[in-house]
Amino acid sequence: ETGVTQTPRHLVMGMTNKKSLKCEQHLGHNAMYWYKQSAKKPLELMFVYNFKEQTENNSVPSRFSPECPNSSHLFLHLHTLQPEDSALYLCASSQVVSGNSYNEQFFGPGTRLTVL
Amino acid sequence: QKEVEQNSGPLSVPEGAIASLNCTYSDRGSQSFFWYRQYSGKSPELIMSIYSNGDKEDGRFTAQLNKASQYVSLLIRDSQPSDSATYLCAVGPTGGFKTIFGAGTRLFVKA
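Line by line, the protein sequences give chains A and B.
Residue numbers for the first sequence follow this note's numbering, beginning at -18 and rising by one.
Residue numbers for the second sequence follow this note's numbering, beginning at 23 and rising by one.
Honestly, I wouldn't trust all of these hints.
What the hints assert, rightly or not - Now the stretches of chain B that chain A is said to cover, found in silico as 3 or more residues with beta-carbon under 8 Å: (1) 75 to 82; (2) 124 to 131.
To be verified - With a straight-line Cα cutoff of 27 Å, these simulated DSSO-like cross-link-like pairs (lysine-lysine) come out: (3) A:LYS22 / B:LYS64; (4) A:LYS0 / B:LYS64; (5) A:LYS21 / B:LYS64; (6) B:LYS64 / A:LYS3; (7) B:LYS64 / B:LYS78; (8) B:LYS64 / A:LYS(-1); (9) A:LYS17 / A:LYS(-1); (10) A:LYS22 / B:LYS120; (11) A:LYS3 / A:LYS17; (12) A:LYS21 / A:LYS0; (13) A:LYS17 / B:LYS64; (14) A:LYS17 / B:LYS120; (15) A:LYS0 / A:LYS17; (16) B:LYS89 / B:LYS120; (17) A:LYS21 / A:LYS3; (18) A:LYS3 / B:LYS132; (19) B:LYS120 / B:LYS132; (20) A:LYS(-1) / A:LYS22; (21) A:LYS21 / B:LYS132; (22) A:LYS0 / A:LYS22; (23) B:LYS120 / B:LYS64; (24) A:LYS3 / A:LYS22; (25) B:LYS132 / A:LYS22; (26) A:LYS22 / B:LYS89; (27) B:LYS120 / A:LYS21; (28) B:LYS132 / B:LYS64; (29) B:LYS120 / B:LYS78.
Said to hold, decoys possible - From the structure, some residues in chain B lie toward chain A, with a derived Cβ separation under 8 Å: (30) PHE56; (31) SER71; (32) ARG99; (33) PRO103; (34) SER104; (35) PHE119; (36) THR121.
Since the hints were made in silico from the structure, they are not lab data.
Backbone N, C-alpha and C define an ideal beta-carbon position, used for all residues, glycine too.
Bound conformation, chain A alone (with noise of 0.2 Å):
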């Protein structure tokens, strides 16, 4: 147990849908993120949201939207996704001090998505 917990654990959801996935850290850290993870390939950086502004926004397609409503929460909304948007998407916070890149990341258990 990292101190980070994600729900739903599965999903199952069609191209028409809108869901949302929630991650909450109880670990005091300023920065949260989103990650997908897909097999074979590496973790793809998604968001970054730094005291609940977002700061990176990695190029991701708009039926993904984040909301940030606080520093220990996060959202992650899927709205008319694509059958190759299922994969396994992590959160993960940590403690950023300023002027240092000392960052090390805690992740949860992440939500396995299948779109059909």
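Using the hints provided, position chain B relative to the given structure of chain A.
Frame of chain A, contents of chain B only:
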């Protein structure tokens, strides 16, 4: 050129042997380096971080960093079957939040 390169494996070692996992990176300005372990069906777990040249030891794990050669490695001594997993090398930039992950090396420890 991939930003962080790892041999995909699988790397197979007998129980009790030393497993050596290697990683190279392209950004010469990188400042932070991490090794994560990921069991099948699970999320990555941070096992080592290293920030300066040389060796860093933690139990059976030793991380080695050579910034001049842009090379980082992980040694696992007295390998156990429970060490069988995919090991991800990750490299952080000079400041900022964008950590780049390698595709991982699968390690199999034979009992």
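Against the structure, the hints come out as follows:
Judged by the Cβ-Cβ criterion of 8 Å, the region 75 to 82 of chain B is not covered by chain A as claimed, because only 0 of its residues qualify and three are needed. Counting residues of the region 124 to 131 of chain B whose CB falls under 8 Å from any CB of chain A gives 3; the rule of at least 3 is met. A C-alpha spacing of about 15 Å is found between A:LYS22 and B:LYS64, which places the hinted pair at or below 27 Å, so the restraint holds. Straight-line distance between C-alpha atoms of A:LYS0 and B:LYS64 comes to about 22 Å, which keeps the hinted pair within the 27 Å bound.
For the hint linking A:LYS21 to B:LYS64, the alpha-carbon distance of about 15 Å falls within 27 Å, and the restraint holds. Proposed proximity of B:LYS64 and A:LYS3 is supported: the alpha carbons are some 17 Å apart, at most 27 Å. About 26 Å separates the Cα atoms of B:LYS64 and B:LYS78, which keeps this hinted pair within 27 Å; it holds. Using a Cα cut-off of 27 Å, the hinted pair B:LYS64 and A:LYS(-1) holds, with the two alpha carbons roughly 25 Å apart.
Note on A:LYS17 and A:LYS(-1): the hinted pairing holds, with a Cα-Cα distance of about 18 Å set against a maximum of 27 Å. The suggested pairing of A:LYS22 with B:LYS120 holds, with an alpha-carbon distance near 17 Å, which does not exceed 27 Å. Using a Cα cut-off of 27 Å, the hinted pair A:LYS3 and A:LYS17 holds, with the two alpha carbons roughly 14 Å apart. A distance of roughly 26 Å separates the Cα atoms of A:LYS21 and A:LYS0; the hinted pair therefore holds under the 27 Å criterion.
Proposed proximity of A:LYS17 and B:LYS64 is supported: the alpha carbons are some 14 Å apart, at most 27 Å. Taking the CA atoms of A:LYS17 and B:LYS120, the gap is about 14 Å. The hint holds against a cut of 27 Å. Between A:LYS0 and A:LYS17, the direct Cα distance comes to roughly 16 Å. Compliance with the 27 Å bound is thereby established for this hinted pair. For the hint pairing B:LYS89 with B:LYS120, the CA-to-CA distance comes to about 19 Å; that is within 27 Å, so the pair holds.
A distance of roughly 25 Å separates the Cα atoms of A:LYS21 and A:LYS3; the hinted pair therefore holds under the 27 Å criterion. Proximity of A:LYS3 to B:LYS132 is assessed by CA-CA distance (about 38 Å); at most 27 Å being required, the pair is judged violated. A C-alpha spacing of about 36 Å is found between B:LYS120 and B:LYS132, which places the hinted pair above 27 Å, so the restraint is violated. The straight-line distance between the Cα atoms of A:LYS(-1) and A:LYS22 is roughly 26 Å, inside the 27 Å bound, and the hint therefore holds.
Of the supplied pair hints, the one linking A:LYS21 and B:LYS132 holds, its CA atoms being roughly 23 Å apart against a limit of 27 Å. Note on A:LYS0 and A:LYS22: the hinted pairing holds, with a Cα-Cα distance of about 24 Å set against a maximum of 27 Å. For the suggested pair B:LYS120 and B:LYS64, the alpha carbons sit about 22 Å apart, so the restraint of at most 27 Å is met. Of the pairs offered as hints, the one joining A:LYS3 and A:LYS22 holds, with about 23 Å between alpha carbons and a cut-off of 27 Å not exceeded.
The suggested pairing of B:LYS132 with A:LYS22 holds, with an alpha-carbon distance near 25 Å, which does not exceed 27 Å. For a cut-off of 27 Å, the pair hint linking A:LYS22 to B:LYS89 stands: about 25 Å separates their Cα positions. Using a Cα cut-off of 27 Å, the hinted pair B:LYS120 and A:LYS21 holds, with the two alpha carbons roughly 21 Å apart. A hinted pair counts as satisfied when its Cα atoms are at most 27 Å apart, and B:LYS132 with B:LYS64 qualifies at roughly 21 Å.
This hinted pair checks out: B:LYS120 and B:LYS78 have alpha carbons roughly 23 Å apart, not beyond 27 Å. Contact between B:PHE56 and chain A, as hinted, is supported at the beta carbon level, the nearest pair being about 7 Å apart and thus within 8 Å. Evaluation of the B:SER71 hint against chain A yields a held restraint, the C-beta minimum of about 6 Å falling below 8 Å. A distance limit of 8 Å between C-beta atoms decides the matter here; for B:ARG99 the minimum to chain A is near 23 Å, and the interface restraint is violated.
Below 8 Å, beta-carbon pairs count as interface contacts, and B:PRO103 has none with chain A, the closest being about 23 Å; its hint is therefore violated. Among the interface hints, the one on B:SER104 is violated; its C-beta lies about 18 Å from the nearest C-beta in chain A, farther than the 8 Å criterion. Using the Cβ-Cβ criterion of 8 Å, the hint placing B:PHE119 at the interface with chain A is satisfied: the shortest such distance is roughly 5 Å. For B:THR121, the interface hint holds, since its Cβ comes within 8 Å of a Cβ in chain A; the closest pair sits about 6 Å apart.
This entry does not satisfy hints 1, 18, 19, 32, 33, 34, going by the numbered hints stated previously.
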